[in-house]
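S.K.: Construct all of the structure, not just a fragment, from the sequences and the given hints.
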Amino acid sequence: MEFAPYRLLFSMYAKQTEIKLRLILLLIISFVMGSCTNEVQIRKSALKYFNEGNSALKHRDYQAAIWNYQKAISLDSETPNFHYNLGLTYFEIGNYKESIDSFRRVEMMVPNQSDTYYNLALAYNKISESRMADFYYNRYQDMLSLKKAQERLEA
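For reference, each letter of the sequence shown is one residue, going 1209 to 1363 in our numbering.
What the hints contain is simulated information worked out from the structure, not anything from laboratory work. Be aware that a few hints might be false.
For lysine-lysine, the following DSS-like pairs were computed, each having C-alpha atoms within a straight-line distance of at most 27 angstroms [unchecked claim]: (1) K1252 / K1266; (2) K1228 / K1266; (3) K1228 / K1252; (4) K1266 / K1256; (5) K1279 / K1266; (6) K1279 / K1252; (7) K1228 / K1256; (8) K1334 / K1266; (9) K1305 / K1279.
M.R.: Following this line, the structure appears as structure tokens:
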């Protein structure tokens, strides 16, 4: 009989601890869900800027295209298409060194993409760096040969 008050105290302490743990778990879950929602919103915003950049590029509004692609990249720097289209835009306005920088980022993210090699070859050729132009043109040719060989094997 003398232990009954202690049992009651222990039971109340256990319930308080359980409530605290549930609250902490609820906070963690809401934080994780909020982070996921935030990441989705950021991705959507980046895609919106990318699409606006594509529209500007189509209408030859190069400054608007560059601004939109850079904004998309600031929100999501891991999407190769953002860098690729920025590189195309720089190439169109004759800013070949910036174009090369953008295409090199794509090359690091997506190795062995033939279009990237081709555009690097063109940009290096424009700045009279024939050694690098040849290097990337040869890579481009190698990729085309590999694709043709794979197609023959699959046929």
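S.K.: Output the numbers, in ascending order, of every earlier hint that fails for this structure.
M.R.: Numbers 2, 3, 7 - these are the hints that the structure violates, sorted from lowest upward.
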